[in-house]
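Colleague: Sequence:
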Amino acid sequence: MINVNELSIVSNFDFELSNDEKKLIVEKLLEAHNLAVANLDFGNITNRGFAVNACSQDGIWALGTNFNNTRNEISSICAERSAVMSLFNKSLIKNNSKIFNFKVKYLCMAQAIDLNKSFKSAVPCEDCLAWFNTCRFFDDETIIFSFEKNENEKIILQATKLIEYLPYRNLLTSNVYNENKEIKYTDAASKSMSKFDIDEEKIKEILFLTYQNYKDITCKNISNQNISCSIYVNNKIYSSNKTDWTKRWFIEPLEYNLKQAIEENSDNIHIDVVSYFGDEFSGSKDEKFNDGVVSIKSLGRIRQKYAKSDTIIVLNLDNCIFVTTVGEFLPKKFVQGYKI
Numbered sequence: 154m155i156n157v158n159e160l161s162i163v164s165n166f167d168f169e170l171s172n173d174e175k176k177l178i179v180e181k182l183l184e185a186h187n188l189a190v191a192n193l194d195f196g197n198i199t200n201r202g203f204a205v206n207a208c209s210q211d212g213i214w215a216l217g218t219n220f221n222n223t224r225n226e227i228s229s230i231c232a233e234r235s236a237v238m239s240l241f242n243k244s245l246i247k248n249n250s251k252i253f254n255f256k257v258k259y260l261c262m263a264q265a266i267d268l269n270k271s272f273k274s275a276v277p278c279e280d281c282l283a284w285f286n287t288c289r290f291f292d293d294e295t296i297i298f299s300f301e302k303n304e305n306e307k308i309i310l311q312a313t314k315l316i317e318y319l320p321y322r323n324l325l326t327s328n329v330y331n332e333n334k335e336i337k338y339t340d341a342a343s344k345s346m347s348k349f350d351i352d353e354e355k356i357k358e359i360l361f362l363t364y365q366n367y368k369d370i371t372c373k374n375i376s377n378q379n380i381s382c383s384i385y386v387n388n389k390i391y392s393s394n395k396t397d398w399t400k401r402w403f404i405e406p407l408e409y410n411l412k413q414a415i416e417e418n419s420d421n422i423h424i425d426v427v428s429y430f431g432d433e434f435s436g437s438k439d440e441k442f443n444d445g446v447v448s449i450k451s452l453g454r455i456r457q458k459y460a461k462s463d464t465i466i467v468l469n470l471d472n473c474i475f476v477t478t479v480g481e482f483l484p485k486k487f488v489q490g491y492k493i
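The numbering of the sequence shown is our numbering, which starts it at 154 and goes up by one.
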């Protein structure tokens with residue numbers, strides 16, 4: 154049994170919870186934990202149980218758990234999105250279909266683990282982070298709460314702002330190429346370049362090829378969002394474009410590039426560089442959506458096996474070419490728990 158009065162709150166930002174609010178958060182986390190355990194006991198195909206209790210800015214709460222018809226992507230939904238969808242429906246009903254400002258205030262995340270054993274906080278997966286990063290229903294104040302056992306084997310209440318899991322806030326790429334742009338490196342990127350024996354000319358070469366693919370695309374993307382991506386693997390550049398099936402479904406170029414590299418090299422590969430170039434926005438002439446150029450979910454997937462935190466990312470910005478790493482772009486690594 155958790156003693157709310159003795160439960161420490163750990164965070165790296167300043168905020169306060171009243172005793173009543175703290176008690177409520179703990180209750181909502183325990184509800185989510187029980188749901189996650191029930192989901193696992195039910196026999197979830199993936200053998201993973203997660204649940205989230207989500208709260209809107211106006212105090213509405215909704216529970217959701219991960220739902221898996223099969224192990225494949227299209228038949229699965231994570232707990233985070235499940236809860237937010239339920240919360241949106243509740244808010245829509247409450248507001249009687251009137252226009253209202255729907256924002257998520259809290260995400261109380263739990264996993265199907267024994268609270269008496271050592272464990273780390275539950276954190277959003279990269280698929281959900283890609284969804285959260287649209288920021289339509291989230292803002293810089295959205296907080297994630299979860300239980301965690303510290304080094305002293307004491308259960309704590311971990312509080313983290315959602316933005317800590319999201320890449321470079323307010324960083325927009327540009328679809329205008331200029332070979333004379335200044336190249337800016339993060340310290341981590343400079344170390345990776347030395348480690349992989351990559352110089353500035355190679356960075357320029359990879360970005361230029363990515364730009365050429367963007368410029369020379371022969372098909373019109375239905376989404377009005379053209380994106381090109383290149384990877385540097387085993388001293389070879391693989392490059393391709395995003396291809397739309399519909400406005401909703403498309404082939405992600407990073408994953409397609411990796412498929413080509415695997416076919417040529419088997420599994421003996423490590424992605425040294427990822428380069429993106431393209432349009433930040435999709436949509437029609439009258440309505441645009443900031444979908445972003447970089448695929449968070451694809452980066453998360455390749456990071457499980459074929460890339461690491463030191464893999465370099467090259468981005469074309471308005472005033473410079475920005476070189477960083479996967480570890481900086483996705484600062485929190487989420488280990489799916491599935492055996493590869």
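Derived by calculation from the structure, the hints in this document are not laboratory data. A virtual CB, placed ideally from N, CA and C, is assigned to each residue, including glycine. Heads up, some of the hints might be wrong.
[Stated by the list, open to error] Lysine to aspartate or glutamate pairs mimicking EDC-like chemistry, simulated, CA-CA at most 16 Å apart:
#, residue 1, residue 2
1, Lys-355, Glu-332
2, Lys-256, Asp-211
3, Lys-389, Glu-416
4, Lys-458, Glu-408
5, Lys-273, Glu-306
6, Lys-314, Asp-293
7, Lys-337, Glu-354
8, Lys-258, Glu-306
9, Lys-348, Asp-463
10, Lys-357, Glu-332
11, Lys-176, Glu-159
12, Lys-337, Asp-211
13, Lys-256, Asp-292
14, Lys-258, Asp-292
15, Lys-389, Asp-350
16, Lys-270, Asp-292
17, Lys-314, Asp-167
18, Lys-334, Glu-358
[To be verified] Across the chosen pairs, the derived CB separations fall in these ranges:
#, residue 1, residue 2, range
19, Glu-184, Asn-388, 50 to 58 Å
20, Leu-170, Glu-417, 27 to 35 Å
21, Asp-267, Lys-243, 29 to 37 Å
Colleague: If a hint holds in the structure, say so; if it doesn't, say that too.
Modeller: Okay, the hints, checked on the actual structure:
At roughly 13 Å between alpha-carbon atoms, Lys-355 and Glu-332 fall within 16 Å of each other, so this suggested pair holds. A C-alpha spacing of about 9 Å is found between Lys-256 and Asp-211, which places the hinted pair at or below 16 Å, so the restraint holds. Among the hinted pairs, Lys-389 with Glu-416 is consistent with the structure: their alpha-carbon atoms are about 13 Å apart, no more than 16 Å. At most 16 Å may separate the alpha-carbon atoms for a hinted pair to count; Lys-458 and Glu-408 meet this at roughly 13 Å.
Our distance criterion of 16 Å between C-alpha atoms is met by Lys-273 and Glu-306, whose separation comes to about 11 Å. Of the supplied pair hints, the one linking Lys-314 and Asp-293 holds, its CA atoms being roughly 7 Å apart against a limit of 16 Å. For the given pair, Lys-337 sits about 14 Å from Glu-354 by alpha-carbon distance, which is consistent with the 16 Å threshold. With a C-alpha separation of about 29 Å, the suggested pair Lys-258 and Glu-306 falls outside the 16 Å cut-off, and the hint is violated.
With a C-alpha separation of about 9 Å, the suggested pair Lys-348 and Asp-463 falls inside the 16 Å cut-off, and the hint holds. A distance of roughly 8 Å separates the Cα atoms of Lys-357 and Glu-332; the hinted pair therefore holds under the 16 Å criterion. Pair hint Lys-176 plus Glu-159 holds up; C-alpha atoms about 11 Å apart against a cutoff of 16 Å. A hinted pair counts as satisfied when its Cα atoms are at most 16 Å apart, and Lys-337 with Asp-211 does not qualify at roughly 42 Å.
This hinted pair checks out: Lys-256 and Asp-292 have alpha carbons roughly 7 Å apart, not beyond 16 Å. For the suggested pair Lys-258 and Asp-292, the alpha carbons sit about 8 Å apart, so the restraint of at most 16 Å is met. Taking the CA atoms of Lys-389 and Asp-350, the gap is near 14 Å; set against the 16 Å cutoff, the hint holds. This hinted pair does not check out: Lys-270 and Asp-292 have alpha carbons roughly 33 Å apart, beyond 16 Å.
Only pairs whose Cα atoms come within 16 Å are accepted, and Lys-314 paired with Asp-167 is accepted, the gap being roughly 11 Å. Only pairs whose Cα atoms come within 16 Å are accepted, and Lys-334 paired with Glu-358 is accepted, the gap being roughly 14 Å. Distance hint for Glu-184 and Asn-388: a CB-CB separation of about 53 Å, consistent with the stated range 50 to 58 Å. Between Leu-170 and Glu-417 the CB atoms are about 54 Å apart, so this pair departs from the stated range of 27 to 35 Å.
The hinted window of 29 to 37 Å between Asp-267 and Lys-243 holds, with their beta carbons roughly 31 Å apart.
Violated hints, in rising order: 8, 12, 16, 20; the structure is consistent with all others.
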